[in-house]
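**Q** Protein chains in written order, with our numbering: chain A, 1 to 418; chain B, 1 to 418.
You may find that some hints are simply not true.
Note: identical chains are not told apart, hence a pair may lie in one copy or across any two.
[Said to hold, decoys possible] Pairs of lysine-lysine residues, derived as DSS-like cross-links and limited to a Cα-Cα distance of at most 30 Å, are as follows:
1) K35 <-> K157
2) K157 <-> K383
3) K147 <-> K58
4) K226 <-> K335
In case anyone wonders, no lab produced these hints; they're calculated from the structure.
There are 2 protein chains.
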Amino acid sequence: MSKAYDTEILSVGTELLLGHVTNTDARDISEMLSKIGVNVRYHTVVGDNPQRLEDCVKVAKERADIIITTGGLGPTCDDLTKQILARAFGLELVRNEAEYQGLYEYIQTGRMFTPNNFQQAMLPEGCTVFHNEWGTAPGCAFEKDGKTVIMLPGPPKECNAMFRACVIPYLQKFADGEIVSHSLRIFGLGESTVDQMFRDEMNAMTNPSMAPYAKECDCLLQVTAKAETREEAEEMLKPVIAHVREKLGEFVYGMDVECVEEAVIGLLREKHMRFSAAESCTGGDIAGRFTEIPGASEFFLGGVVTYTNEAKARLLGIDPALIEEKGAVSFEVAKEMAERVRTLMGSDIGVGVTGLAGPDGDGVHEVGTVFVSLATAEQTWVKELHMGAFRTRSFIRRMAGNHVYDMMRRYLTGLNVL
Amino acid sequence: MSKAYDTEILSVGTELLLGHVTNTDARDISEMLSKIGVNVRYHTVVGDNPQRLEDCVKVAKERADIIITTGGLGPTCDDLTKQILARAFGLELVRNEAEYQGLYEYIQTGRMFTPNNFQQAMLPEGCTVFHNEWGTAPGCAFEKDGKTVIMLPGPPKECNAMFRACVIPYLQKFADGEIVSHSLRIFGLGESTVDQMFRDEMNAMTNPSMAPYAKECDCLLQVTAKAETREEAEEMLKPVIAHVREKLGEFVYGMDVECVEEAVIGLLREKHMRFSAAESCTGGDIAGRFTEIPGASEFFLGGVVTYTNEAKARLLGIDPALIEEKGAVSFEVAKEMAERVRTLMGSDIGVGVTGLAGPDGDGVHEVGTVFVSLATAEQTWVKELHMGAFRTRSFIRRMAGNHVYDMMRRYLTGLNVL
């Protein structure tokens, strides 16, 4: 950046203030902007209320150079955002013929359409129009009074796609120099431990810089450098990354991946291996998370969700007497689950998980007790976890899955599995 | 409310502005506040920057009566939020002995702890302390200059639990009269259609009121009434709910439920029925979503994730020749999946789903083509869906699941399944 362009994301929608939806637009846009080195300084959310929106625009005009709005463009809110932003910058809304024509053609297809949809073709005079290929409300951008205003529709799919396709190219002119960031993902150490380990170094660094962030069930250390070119920035980061990897060792499960399973898919590809899963308390979550990744089908043969004892017997052939004796939540049953699903599916690796995700217990174990297992042709490993009864069902399920994937990662990279 | 208390939620954390995490705290708090009739007017997010946070506090002080902060309380940010808020209201931070003692005892357990954690016991003089049973950083509240300030830690689990346990009771004094809301959840009609159907009525209503909201794969109509007592508000809502139910008929899948599967679990309980699932393109998502609901184990016998053709043959015994002839993504295979998983598991209902979630196609069908099926002892139904190749993998998977659950709902309530 020749100068720092402070950016504010202003999201419009009463549904956000009522908590009906989460503001993922602001998150997604922020992430994309941080990658091209534009500084997001503020997120604001305001309802479908003209006066309050106008006040928020005033505040944003004072403190930001770039204002990006999301939402308030559809027919259900009378295109509030366009009206207010145009007025705040002294612009008229004029009918855009191409967009009007597009809306008109859309009706001819016989799809659901209501007269108020036509307001969507009214746009601030002289603006750059962002045609919406994922919905009907176009976005737009204009520059006035030394500020840049960008307006996008609210539905996350549309907002996200248009930001990528239209806004990033539009904003390129504000960029000079390149900012490069990498995330080192960490499993098995908490954010505050990581912070403590690197705090003195971090305080002494400016460019490159380094910062830890907590995620739901793991954490990350982000390293960032700014230079004339992308290549130079990458060079600056290399020694920092090497240092972090050395200091954290096997706790680093990957760089620039979103989750442990994403690291695992890369390792399975490398080793030409496939796995299958037998799930009890995670109830399909391990399979579901993995298959959310495009291309997963090559490495995941399938799985069984044996949520009941009956299913464990029927699908996996586990002896009901063993379940009776040891309990469904036990070392032995976890072991059998991984081994049997592996044989049943004919995969290189079988994983299993059985435990208590709560809220109800089984009278034997505390909620949060989970056994996770990994079986190969040579050996089976079982790990007993105690996450604490105060954890939510959803946390316990997610964390159990992370442990399963982390065991796979450790196995596939030749580390100690347990 | 004797007067309207305008509330602003001010979230502090650079990780939010970088898009590393989504601001679920603001969403969760907003939802809880809307239920007790407190009006959230603004959400603001600002980074771990003293000057910008101070400026945001100034703005919030001017426009809001209640300021609720989240984040910026932990050791990694030097308790920025407390420092700035205390200063903005002319208060000193003083050591809270009970919290200090608690932190001291925490160390004795041998858990990870760093010296900077002790800052957490420093709190604004005279504040109400909210002890954090889910983490180490306490929250607090104070009243000054006619404003109420509430500070909570950022980690969603802690923020959420403390809001429920400490803040809601604290805020009761601001409430007089009761606001009651119900959400009618709709599947099969878009938000803008619902908006159009009810627009004139909605414009004419004030109390009770009604508003449509879009969700990712369905939508809802929220009805709200305010009265002296909860009972009176409920009475006011009855005719509105009856009217909406009549006008939308079978498109309403439930009231005050979060998703179709939550409506389904209630129906399965009523009918004493259990189901099982055979999943291909949803890859465990249908099982995973259902088992996320506490108590799901009574109604879900288990399932198979037959992600590959081989798994369809091995686990379900589907004839490879049939898959060869008709294709894995076909009416016939979907039908067999539901029927065979039902028999295999011995459940009342079997459901199946096979399709293309993308991004890669199979050279035959367009991405977004999905067959969903439901089998009972008497009959099997198969529905062919075309969601459009522009949809994301995750949308296609979620929507396919919604269709499966909606078919179950329709079957269980005696409606036409297709």
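**Q** Compare the structure with each hint and give your call.
**A** Structure-based check of all given hints:
no.	hint	verdict
1	K35 <-> K157	both (19 Å within a copy, 28 Å between copies)
2	K157 <-> K383	between (39 Å within a copy, 25 Å between copies)
3	K147 <-> K58	both (12 Å within a copy, 23 Å between copies)
4	K226 <-> K335	neither (49 Å within a copy, 56 Å between copies)
Hint 4 alone, counting from the list given before, is not met by this structure.
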